[in-house]
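Please take these sequences and the hints and turn them into a complete structure.
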Amino acid sequence: MHGLFEVTSGIYQVRGFDLANMTLVEGERGVLVVDPLTSVECAKAALGLYRQHRGDRKVTGVIYSHSHVDHFGGAQGVIPNDISESSAMIPIIAPQGFMEEATSENIYVGPAMSRRAVYMYGTRLPQGPTGQVGCGIGSAVSTGTRSLIPPNDLILNTGEERTIDGIHIEFQLVPETEAPAEMNFFFTKHRALCIAECATHSLHNVITLRGALVRDAKAWAKYLDESLVLYGERTDVLFSGHNWPTWGQQECSRLIAEQRDLYAYLHDQTVRMMNMGMTGIEIAEMLTLPEALQKAWHTQGFYGSVSHNVKGIYQRYMGWFDGNPAHLWEYPPRENASRYVACMGGIDEVVRKAEKYISEGDLRFAATLLGHAIAADCQHEKTRISLAHVFEQLGFGAENSTWRNFYLSEAQNLRAPYDYSRSQRQIGQGFSRSQSVEQWWALLSVQLDGPKVEGEKFIIDVQISDEKEWRLIMSNGALTYRPKTTTCVGETAGLVVFVDKDSLCRILNRRADLDMLSCQGDQEMLLKLLAATVPLTESR
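Residues 1 to 540 in the UniProt record's numbering are what the sequence shown lists, from first letter to last.
Calculated from the structure, these hints are not laboratory results.
For glycine and all other residues, C-beta sits at the position ideal for the given N, C-alpha and C.
Each hint should be verified, as a subset may be incorrect.
[To be verified] Label-pair ranges, simulated between beta-carbon atoms:
1. PHE321 to TYR418: 32 to 38 angstroms
2. MET1 to GLU438: 50 to 56 angstroms
3. LYS382 to ILE473: 49 to 55 angstroms
Pasting the structure below:
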């Protein structure tokens with residue numbers, strides 16, 4: 001279901017236009033927009049729908065609840081065209097660290113995350129009962145134009161207050177919960193608490209299948225308890241960036257408390273059981289929630305799951321190694337699989353054995369057997385057909401939407417392999433003006449094909465007219481970077497580059513020639529550096 005919904009008098013939400021909700025709070029002169037969706041087109045359409053029913057109110061403020069793109073990517077769809085003028089006039093509020101986190105999450109592993117996200121959200125699946133039916137906390141991620149307008153007002157401490165267009169707001173910082181930079185906020189006049197993404201109508205991800213750093217479930221629970229103390233008795237309606245609101249003071253407090261207990265229980269019992277000597281996989285198989293939490297609708301595993309969250313908590317503390325020496329030096333999947341297949345009598349025999357487990361209803365082990373077979377020979381037709389069937393059945397049986405999407409996406413790919421070479425593209429702009437120069441160097445360093453330059457040693461100083469001066473050190477196939485204010489004795493730059501930030505951005509994106517640079521020294525050093533870097537691409 002999609003449309004415009006009233007949360008309470010003066011607060012509305014547009015739901016179903018994107019993965020997230022866009023919330024609109026009416027002020028004295030206009031409307032405050034909270035979380036302008038993923039894409040410009042969807043945010044613009046959402047604002048248009050609101051105006052169609054509530055009048056042509058101008059946008060008098062914007063709040064980003066946290067640093068995930070589905071909550072800020074559509075900003076240019078709600079802020080007037082003259083962004084430079086509007087962003088100076090319109091308050092754009094975000095939590096401390098927002099820009100760093102919003103621009104950095106995909107710097108290192110954007111392509112890897114993007115490949116997994118296609119599976120997690122079922123992007124290539126047909127929508128319907130045998131395909132994509134949702135993402136647990138929303139219908140789907142929109143695929144339009146993404147934008148980022150930097151905030152001009154950062155919330156630095158819990159308890160800070162703002163009044164925007166007559167709307168009084170109290171803020172609570174909740175970093176390192178569902179996002180590295182996140183905040184909840186309370187609309188005092190409306191007695192309405194926006195709890196960002198800390199408490200939705202589903203168990204959320206402590207670790208997400210698309211890939212990310214493991215989140216701190218203990219801190220998550222602690223901040224929810226703080227929310228309960230700060231706002232519980234004053235809250236008559238609770239809403240978030242996903243799903244639907246909760247009404248009534250007691251119901252709101254109960255939901256927050258149960259969500260708090262949910263993450264605390266997962267964390268504490270996982271740690272208790274790992275201290276008993278159990279591995280993440282073993283804990284995930286044994287840990288069950290208390291009966292009251294099992295029965296609560298909002299704790300179900302529609303998006304996150306007990307199974308993969310427990311494994312994430314284990315990973316946060318113990319890492320990838322499970323303590324079994326046999327797992328210290330395993331072969332890569334293909335080499336490992338070829339040996340398993342040989343031990344079991346060949347690939348046809350593996351498929352035959354897998355089909356026996358399928359007939360007995362043991363799809364999990366059938367997937368394991370066929371996983372070895374497909375890794376040993378990815379072109380074996382019978383293996384592909386059988387494994388696609390297994391994944392499809394596992395997907396149809398999954399309560400968790402992201403598990404379903406993963407299973408069905410791989411089943412689709414096994415039956416009709418997708419030509420990823422046709423979709424290979426550079427991720428976004430690569431280097432963006434919204435990023436810091438230090439983030440550019442970080443991106444450049446992971447684009448570097450180290451073996452190509454492992455024998456090179458040189459130093460480049462980059463003097464940026466509207467920024468500070470940087471020193472780049474190429475040594476042993478690694479690129480080190482630091483402000484020029486800190487140097488080591490004996491270091492001498494072989495090249496000094498003079499450039500402004502805009503020109504540097506275009507050069508790094510391969511959109512400008514080096515001729516526009518002013519250089520002193522051996523320009524061949526810069527040519528070698530750029531020649532050894534490969535733009536990150538989205539392919540699989």
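Quiz item: Would you say the C-beta atoms of LYS382 and ILE473 sit inside 49 to 55 angstroms of each other?
Solution: About 54 angstroms separates the Cβ atoms of LYS382 and ILE473, which means 49 to 55 angstroms holds.
Quiz prompt | Cβ separation of PHE321 and TYR418, checked against the hinted range 32 to 38 angstroms | solution = holds (33 angstroms)
Exercise. Hint says 50 to 56 angstroms; check whether the CB-CB distance for MET1 and GLU438 agrees.
Key: Cβ of MET1 to Cβ of GLU438: about 44 angstroms, so the range 50 to 56 angstroms is violated.
Going through the hint list in order, the structure does not satisfy hint 2, though it satisfies all others.
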